[in-house]
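Novice: Line by line, the protein sequences are chains A and B.
Residues in the first sequence are numbered consecutively from 1, following the UniProt record's numbering.
Residues in the second sequence are numbered consecutively from 1, following the UniProt record's numbering.
It should be emphasised that the hints constitute simulated quantities derived from the structure, not laboratory data.
Don't take each hint at face value.
As the list claims (entries may be wrong) - Short, incomplete list of chain A residues facing chain B, as computed with Cβ under 7 Å: (1) Asp-196; (2) Asp-443; (3) Val-450.
Claimed, not checked - Stretches of chain B that chain A covers, calculated by requiring three or more beta carbons in the stretch to come under 8 Å of a beta carbon on chain A: (4) 23 to 30; (5) 55 to 66; (6) 103 to 117; (7) 288 to 299; (8) 380 to 386.
Unchecked claim - Reference listing, derived: stretches of chain A covered by chain B, where coverage requires no fewer than 3 residues with Cβ under 8 Å from a Cβ of chain B: (9) 34 to 44; (10) 160 to 172.
Small disclaimer: the values here were computed from a predicted structure and weren't measured.
Note that CB positions come from ideal geometry on N, CA and C, so glycine has one too.
2 protein chains.
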Amino acid sequence: MEMPEPNPHVMANRDEIIARLETALPDGAVISALEAVRVYECDALSAYRCPPLAVALPGSTEEVAAVLKICHEFGAPVVPRGSGTSLAGGALPTADCVILGVAKMNRVLETDYDNRFIRVETGRTNLSVTGAVEADGFFYAPDPSSQLACAIAGNIAMNSGGAHCLKYGVTTNNLMGVKLVTMAGEVLEIGGPWLDAGGLDLLGVVCGSEGQLGVVTEATLRILAKPEGARPILMGFDESEVAGACVSDIIRAGVLPVAIEFMDRPCIRACEAFAHAGYPDVEALLIVEVEGSEDEIDDQLAKIKEIAARHSPREMRESRSAEESALIWKGRKAAFGAMGQIADYMCLDGTIPVSALPKVLGRIGEMSRSYGLDVANVFHAGDGNMHPLILFDANKPGDLELCEEFGAEVLKLCVEVGGCLTGEHGVGVEKRDLMLHQYDPADLEAQMRVKDAFDPHWLLNPAKVFPIRLTAQRREAA
Amino acid sequence: MEMPEPNPHVMANRDEIIARLETALPDGAVISALEAVRVYECDALSAYRCPPLAVALPGSTEEVAAVLKICHEFGAPVVPRGSGTSLAGGALPTADCVILGVAKMNRVLETDYDNRFIRVETGRTNLSVTGAVEADGFFYAPDPSSQLACAIAGNIAMNSGGAHCLKYGVTTNNLMGVKLVTMAGEVLEIGGPWLDAGGLDLLGVVCGSEGQLGVVTEATLRILAKPEGARPILMGFDESEVAGACVSDIIRAGVLPVAIEFMDRPCIRACEAFAHAGYPDVEALLIVEVEGSEDEIDDQLAKIKEIAARHSPREMRESRSAEESALIWKGRKAAFGAMGQIADYMCLDGTIPVSALPKVLGRIGEMSRSYGLDVANVFHAGDGNMHPLILFDANKPGDLELCEEFGAEVLKLCVEVGGCLTGEHGVGVEKRDLMLHQYDPADLEAQMRVKDAFDPHWLLNPAKVFPIRLTAQRREAA
Numbered sequence: 001m002e003m004p005e006p007n008p009h010v011m012a013n014r015d016e017i018i019a020r021l022e023t024a025l026p027d028g029a030v031i032s033a034l035e036a037v038r039v040y041e042c043d044a045l046s047a048y049r050c051p052p053l054a055v056a057l058p059g060s061t062e063e064v065a066a067v068l069k070i071c072h073e074f075g076a077p078v079v080p081r082g083s084g085t086s087l088a089g090g091a092l093p094t095a096d097c098v099i100l101g102v103a104k105m106n107r108v109l110e111t112d113y114d115n116r117f118i119r120v121e122t123g124r125t126n127l128s129v130t131g132a133v134e135a136d137g138f139f140y141a142p143d144p145s146s147q148l149a150c151a152i153a154g155n156i157a158m159n160s161g162g163a164h165c166l167k168y169g170v171t172t173n174n175l176m177g178v179k180l181v182t183m184a185g186e187v188l189e190i191g192g193p194w195l196d197a198g199g200l201d202l203l204g205v206v207c208g209s210e211g212q213l214g215v216v217t218e219a220t221l222r223i224l225a226k227p228e229g230a231r232p233i234l235m236g237f238d239e240s241e242v243a244g245a246c247v248s249d250i251i252r253a254g255v256l257p258v259a260i261e262f263m264d265r266p267c268i269r270a271c272e273a274f275a276h277a278g279y280p281d282v283e284a285l286l287i288v289e290v291e292g293s294e295d296e297i298d299d300q301l302a303k304i305k306e307i308a309a310r311h312s313p314r315e316m317r318e319s320r321s322a323e324e325s326a327l328i329w330k331g332r333k334a335a336f337g338a339m340g341q342i343a344d345y346m347c348l349d350g351t352i353p354v355s356a357l358p359k360v361l362g363r364i365g366e367m368s369r370s371y372g373l374d375v376a377n378v379f380h381a382g383d384g385n386m387h388p389l390i391l392f393d394a395n396k397p398g399d400l401e402l403c404e405e406f407g408a409e410v411l412k413l414c415v416e417v418g419g420c421l422t423g424e425h426g427v428g429v430e431k432r433d434l435m436l437h438q439y440d441p442a443d444l445e446a447q448m449r450v451k452d453a454f455d456p457h458w459l460l461n462p463a464k465v466f467p468i469r470l471t472a473q474r475r476e477a478a
Numbered sequence: 001m002e003m004p005e006p007n008p009h010v011m012a013n014r015d016e017i018i019a020r021l022e023t024a025l026p027d028g029a030v031i032s033a034l035e036a037v038r039v040y041e042c043d044a045l046s047a048y049r050c051p052p053l054a055v056a057l058p059g060s061t062e063e064v065a066a067v068l069k070i071c072h073e074f075g076a077p078v079v080p081r082g083s084g085t086s087l088a089g090g091a092l093p094t095a096d097c098v099i100l101g102v103a104k105m106n107r108v109l110e111t112d113y114d115n116r117f118i119r120v121e122t123g124r125t126n127l128s129v130t131g132a133v134e135a136d137g138f139f140y141a142p143d144p145s146s147q148l149a150c151a152i153a154g155n156i157a158m159n160s161g162g163a164h165c166l167k168y169g170v171t172t173n174n175l176m177g178v179k180l181v182t183m184a185g186e187v188l189e190i191g192g193p194w195l196d197a198g199g200l201d202l203l204g205v206v207c208g209s210e211g212q213l214g215v216v217t218e219a220t221l222r223i224l225a226k227p228e229g230a231r232p233i234l235m236g237f238d239e240s241e242v243a244g245a246c247v248s249d250i251i252r253a254g255v256l257p258v259a260i261e262f263m264d265r266p267c268i269r270a271c272e273a274f275a276h277a278g279y280p281d282v283e284a285l286l287i288v289e290v291e292g293s294e295d296e297i298d299d300q301l302a303k304i305k306e307i308a309a310r311h312s313p314r315e316m317r318e319s320r321s322a323e324e325s326a327l328i329w330k331g332r333k334a335a336f337g338a339m340g341q342i343a344d345y346m347c348l349d350g351t352i353p354v355s356a357l358p359k360v361l362g363r364i365g366e367m368s369r370s371y372g373l374d375v376a377n378v379f380h381a382g383d384g385n386m387h388p389l390i391l392f393d394a395n396k397p398g399d400l401e402l403c404e405e406f407g408a409e410v411l412k413l414c415v416e417v418g419g420c421l422t423g424e425h426g427v428g429v430e431k432r433d434l435m436l437h438q439y440d441p442a443d444l445e446a447q448m449r450v451k452d453a454f455d456p457h458w459l460l461n462p463a464k465v466f467p468i469r470l471t472a473q474r475r476e477a478a
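Chain A with its partners taken away, still in its complex shape (with noise of 0.2 Å):
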């Protein structure tokens, strides 16, 4: 993985650089010794490893606003961290910088009933910002499959998804505002409890921006009342594609579950394995859910059983008890885990339209055995994003490399396809250099633009998102 050289002036200055930040911050919240900061040495894509020069972890926007404007004085890159859970190396530091970790800012700040929302401060992770909550019955309705761990900050920078998005969008369909301190220590209120408001509405590019534009402190999430029930239902096929094919025809009959996952052989057995949530034994399985009251459901899964068995289903099996329903989901949310504890894996994150999923599930087929890599597939079906788990050996030499290319090529059929090369991982460092399939120069400049806007010594976040050699151009211009 390629990195920019450290910058030598930051690197002279590291001694003055953690003493004005320990100055700046609490006692204990700069961590510098070489074997501490090792912890903070990668995320969840672990292949890529590097020990920052430094890392703060601030209790408030006003310290945040403090560790920036010390970093920006010395011209240090910042790498903003929430939990460290990206698969796509978000967090990945440089030799050169500080890690600004949120994980100790975790406060709900404010919750509000009557108007729907609740505030916070953006290291909460994401299940207990719907524990806040739930007791009054509400809920937060974002749902990726880390949520146990991973942190709104980190939600916010990948504009992260889960099974649930299907109905109810994705971080940034439930994001009403935030407080984002700019790489100068300026501290903006972007967006609020409403709809829309004047002006340009900057929160849209903020979700999603991988810590390139700020550094995002609080959060104003739109939070839902429970709905009255839920049912999966367990549709097994001999056929990924035929699997596919049903997935397409229940979105294009306008039924819409809240959620339609995909899972094929490889990875219903590792599931099942870990889980026992009883997943028929098939070569694809779907779970569809539905929600509402009892009524409602019946109403609902009568249109999708009939849809389905027009594709000859191997097995169809509604969930009997709540106790049931659970499970399936735990086997679900387990599947990287799970997957882990069998091979080495790369995840793929590319989305496609869901009428290509026949198309791209055979392609991904070909591709497999083509390379002589194994894949296992598991994915938010019914929006049509994949996430492909390509097996390899890691202590086998060149294999991550054949992984890495396999995983390009599959990437770049979802943008042929008229998809895009991630649903919810986020560029990071992974996908950096295939930007250039998905945009134009034109439309990449327009973004770089908006980050020179923001951060127009491109400290925040290096060599992330953005092609390296385009990163580098425009540091040099800085």
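Guided by the hints, dock chain B onto chain A, whose structure is given.
Specialist: Chain B in isolation, oriented as in the chain A frame:
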């Protein structure tokens, strides 16, 4: 209305600019005779008027780019225009500007039911987007009252809402991608038919940017399957504040009707005289609509009626037929027109937290008495998007100014209770100087830097959105 002085260089080159435009566009696509450009001297905020230098009506993205390049070369300001239905002066010309109207560009480019989107040229009217897909059981959700006339271009510029946006969201929630032409004539592709893409998501900042960043020539829009059925219920109350409290309670309970509309007595009477919708003659009327299957409709209405009963409504009446439902909506959508037959009015567009409705309605009543100007209220209550209509007499000297002062007071009140200046009409010229009440200088500066990134010479839609003094500084610095 203070507007910038015409640029003498542009005025001196008037004839050459027009000649160049005429060479670049087909016959008849450039209008420059004074009597003919007068047609474009105002939009629906007709209190302010100024004939433009010329009007260009391109027929394709390439022609739009050609117009922009010529104007860019001469430093001529450009005012993009959809159908000219802006209530905020969003398409008000300056004397030195070229009006760039997209009305000729109204084709459907692609319809994809499998992936639930439609791609259109942005001169197409809102209602005719639904018109293109309704025979196949689909619709486009945002429904401004002006939907018969207003163009998708303007909907995107203003992030338009409508009665049914409570459930379906406003334009930004239904917009998937755009083709945007910058002032320099560069064509950008932003977004596409997916939930998220890599890099900086410029779609959110383009939506609602009021023509400040570029001209949107094509749009990919989410289409939805038509619900099985829908049914409105009329609920009459003796006091506006009580109706407001009822709305707040419905939202608080987590019920999500597709629309909750509010009208007070002056509006009810005007609309009833126009549409004969059978509105009860009460102090405040709510139109609450739910949709789904018959069972779902009955279920939801039962909950809503139970909540409403606690507020002692004078009347509750469900629609008994599709014809009656259509009449009820005809009355509501005609509200602005119907009021216009009775008096001159200024239509405000503040948004407030739903829980603040009773308080704000009470305060507006007090202000009305103290200013001596009547107010009629009609608005999207479910999402707190208010539209107080301040009635005045355009022929009475000083009445317009008094009305503007009153309006500014109301919008400041909206900000004060935690809301914002505009919900769907945009800032335009009308509210530009109130932006300083909504945003801190640093927040506005961040927005203006993004404007710089797209339109460094500040030529696009001049004197709108940002406070006139700040705009002038920016243009001088450019």
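Novice: So which of those numbered hints doesn't the model satisfy?
Specialist: 4, 5 and 9
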